[in-house]
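K.L.:
Each step along the sequence shown adds one to the number in UniProt numbering, with nothing skipped, and position 660 is 660.
Hint data in this document are derived by calculation from the structure and do not stem from the laboratory. Mixed in with the good hints there might be a few duds.
What the hints assert, rightly or not - Label pairs and their calculated CB-CB ranges: (1) S352 / A241: 27 to 35 Å; (2) M614 / Q584: 27 to 35 Å; (3) G391 / K28: 19 to 27 Å.
Every residue gets a Cβ at the ideal spot worked out from N, C-alpha and C, and that includes glycine.
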Amino acid sequence: MQVSSLNEVKIYSLSAGRSLPEWLSDRKKRALQKKDVDIRRRIELIQDFEMPTVSTKIKVSRDGQYIMAVGTYKPRVRCFDTYQLSQKFERCLDSEVVTFEILSDDYSKIVFLQCGRFVEFHSQHGHYYRTRIPKFGRDFSYHYPSCDLYFVGASSEVYRLNLEQGRFLNSLQTEASESNVCAINPVHFLFAMGTTEGKVECWDPRTRNRVGLLDCALSSVTADTEIEGLPSISALKFDGALNMAVGTSTGQVLLYDLRSSNPLIVKDHHYGLPIKSIQFHHQLDLIISADSRIIKMWNKDTGKIFTSMEPEHDINDVCLYPNSGMLMTANEAPKMNIYYIPVLGPAPKWCSFLDNLTEELEENPESTVYDDYKFVTRKDLENLGLAHLIGSSLLRAYMHGFFMDIRLYHKAKMMANPFAYEEYRREKIRQKIEETRAQRVQLKKLPKVNKELALKLIEEEGEEQQISRKRKQKNLPSLLKDDRFKVMFENPDFQVDEQSEEFRLLNPLVSKISEKRKRKLKLLEELEAQGQEEEEEPEGKASDAESSESSDDEKGWVEEVRKQRKLLRQEEKLKRQERSKEDQQTLLKPQFFEIKEGEEFRSFKDSAKKQKLMKKTLEDRLKLEEKLGTLNVSDTTVGSKQATFKLKKSEQQRKQQEAEKRHRQERKALRRSASHLKSRRGRGRLFH
Numbered sequence: 001m002q003v004s005s006l007n008e009v010k011i012y013s014l015s016a017g018r019s020l021p022e023w024l025s026d027r028k029k030r031a032l033q034k035k036d037v038d039i040r041r042r043i044e045l046i047q048d049f050e051m052p053t054v055s056t057k058i059k060v061s062r063d064g065q066y067i068m069a070v071g072t073y074k075p076r077v078r079c080f081d082t083y084q085l086s087q088k089f090e091r092c093l094d095s096e097v098v099t100f101e102i103l104s105d106d107y108s109k110i111v112f113l114q115c116g117r118f119v120e121f122h123s124q125h126g127h128y129y130r131t132r133i134p135k136f137g138r139d140f141s142y143h144y145p146s147c148d149l150y151f152v153g154a155s156s157e158v159y160r161l162n163l164e165q166g167r168f169l170n171s172l173q174t175e176a177s178e179s180n181v182c183a184i185n186p187v188h189f190l191f192a193m194g195t196t197e198g199k200v201e202c203w204d205p206r207t208r209n210r211v212g213l214l215d216c217a218l219s220s221v222t223a224d225t226e227i228e229g230l231p232s233i234s235a236l237k238f239d240g241a242l243n244m245a246v247g248t249s250t251g252q253v254l255l256y257d258l259r260s261s262n263p264l265i266v267k268d269h270h271y272g273l274p275i276k277s278i279q280f281h282h283q284l285d286l287i288i289s290a291d292s293r294i295i296k297m298w299n300k301d302t303g304k305i306f307t308s309m310e311p312e313h314d315i316n317d318v319c320l321y322p323n324s325g326m327l328m329t330a331n332e333a334p335k336m337n338i339y340y341i342p343v344l345g346p347a348p349k350w351c352s353f354l355d356n357l358t359e360e361l362e363e364n365p366e367s368t369v370y371d372d373y374k375f376v377t378r379k380d381l382e383n384l385g386l387a388h389l390i391g392s393s394l395l396r397a398y399m400h401g402f403f404m405d406i407r408l409y410h411k412a413k414m415m416a417n418p419f420a421y422e423e424y425r426r427e428k429i430r431q432k433i434e435e436t437r438a439q440r441v442q443l444k445k446l447p448k449v450n451k452e453l454a455l456k457l458i459e460e461e462g463e464e465q466q467i468s469r470k471r472k473q474k475n476l477p478s479l480l481k482d483d484r485f486k487v488m489f490e491n492p493d494f495q496v497d498e499q500s501e502e503f504r505l506l507n508p509l510v511s512k513i514s515e516k517r518k519r520k521l522k523l524l525e526e527l528e529a530q531g532q533e534e535e536e537e538p539e540g541k542a543s544d545a546e547s548s549e550s551s552d553d554e555k556g557w558v559e560e561v562r563k564q565r566k567l568l569r570q571e572e573k574l575k576r577q578e579r580s581k582e583d584q585q586t587l588l589k590p591q592f593f594e595i596k597e598g599e600e601f602r603s604f605k606d607s608a609k610k611q612k613l614m615k616k617t618l619e620d621r622l623k624l625e626e627k628l629g630t631l632n633v634s635d636t637t638v639g640s641k642q643a644t645f646k647l648k649k650s651e652q653q654r655k656q657q658e659a660e661k662r663h664r665q666e667r668k669a670l671r672r673s674a675s676h677l678k679s680r681r682g683r684g685r686l687f688h
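Turn these sequences into a full structure, and let the hints guide you.
P.N.:
The structure is reproduced here in structure tokens:
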């Protein structure tokens, strides 16, 4: 049993609680009930109070002894006897039931309106008669004084079927294109119908004339409501001779006095879902309205919320057991919910023991648990080596996995990992030892990767903490504790290479600082290996030592940079000499190629050479281009690399360039000869 409370109103869900798997046999269910105390203590108010798939409508007979529900699949009706707390009978139908009505005090006379325009009558023994209406029906009401059935649906007419004469009477012609719901006042028998245009038409069955019209769509729109489209009427209920409640498809409930065209109060569910059911509770002056998501109870005079319930599944219908605090719902699920609210009234006579039980219940909701079965996925079965059991009776398929016996699961787990207990025991012992060591002076544990960088960060963090204490500032978060930089101290790929050119040029004084850190690292490693306790090191040093070290660093900075550059140049020279030696030692051997039949010989410089080059890595191709002179790699002062490429020219481009070069040379020669001739002519004129 599940207990919830809202506005200090306790709601007991009698259908909630621990349930047994459906695929268990009756024998196993009985065995589990004997063995499990919790299953024995669970409350099953009415035995098998459920439908195969979905329940759509639920009603109580006027004498209160029988509860009838319809649902699918297959379409059926079930009758439950409250005196026996079990199912009375079950009848299957040809098509789904839209709605039904119990005409007698017990279950002896029932009328079903079905999807296929059929109206089916049932008596105490079973099916009695079946007829058909001209258009698809959506709702109907029974007029007791005249024994007339009023059918509304996908038509502007209201069909009347007289059960005394056994024939259809003249239908009522309305102004509406279609109608959704209808109801008859139990006091003065006024017939009301709700239309798709958002209007309610009231008719007098005695004169068969319309006596009133209410525009509920216009009245439902207030300053606080937000609607999309024209509201239609989805629910209708009379209360006494003068009050009527109307539910719209946009989630509003309007309470009317029949003497006025304006609503007394407008209540919005704020979900935008059609109102499915409206019930009146006279003792507390409450209105119980429900859409597919929530059931709200509110005061009909003030509109103040009394309490509300949100079931796990969508609601199709709500039924209030008369003169009690019991509420039943038909849901989009097999199980039909039963709620008991002691504030609304006492428990019915057939379950009066609920009043004593509710006083002792704890307010701890329980969910459905299978203690004797373990849910495993396909991956879990593969790890346990039980994948071959899929399809056998030992595994029950459910959702994305399987249910298996908990004893089999424990046995398989022990066989798959026999040393699990020993590992668990070792882990517990290790934790106990660490707890005892926590009281001692702990060593600074450095990560496996980038130990020197971590030590540097720890030292800088200590200095920053001292400064922040003096200035009374907040400490910044440490990089070692930051998850974003966690991989840098765990993955070996992020190890800093101190021998690289970039590192040596960017950090000229790293050698001096790294020597100090290396000494400190050795000391820490020795202490960790021996398991000795380390005394805390002094946080500061003498001022004269610090000043001398800083002055030495400033003076030796330029010299250190020069030394590093000289070393890099020497290393480059050595590398070049090694390459030249390797080139001299390599001997070119002749290679022979065989041409396949039907293929022409092609030069090795074309496709074959290109294919070989494409198969090589980028590093090999760059080395080859550097040898040929088309690529030049040089170092910059900052430490990075600079590459210069020379694009290869095709034979056609070379021929064109050579022709242009010859053309320029010829033009130069012509210019020289022309200038030479002019100078000779000028000299001849001077001599003359």
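K.L.:
Now tell me if each hint is right for this structure.
P.N.:
Going through the hints against the structure:
Hint check: S352 to A241, Cβ distance near 33 Å, so the stated range 27 to 35 Å holds. The supplied range of 27 to 35 Å is met by M614 and Q584, whose beta-carbon atoms lie about 29 Å from each other. Hint check: G391 to K28, Cβ distance near 21 Å, so the stated range 19 to 27 Å holds.
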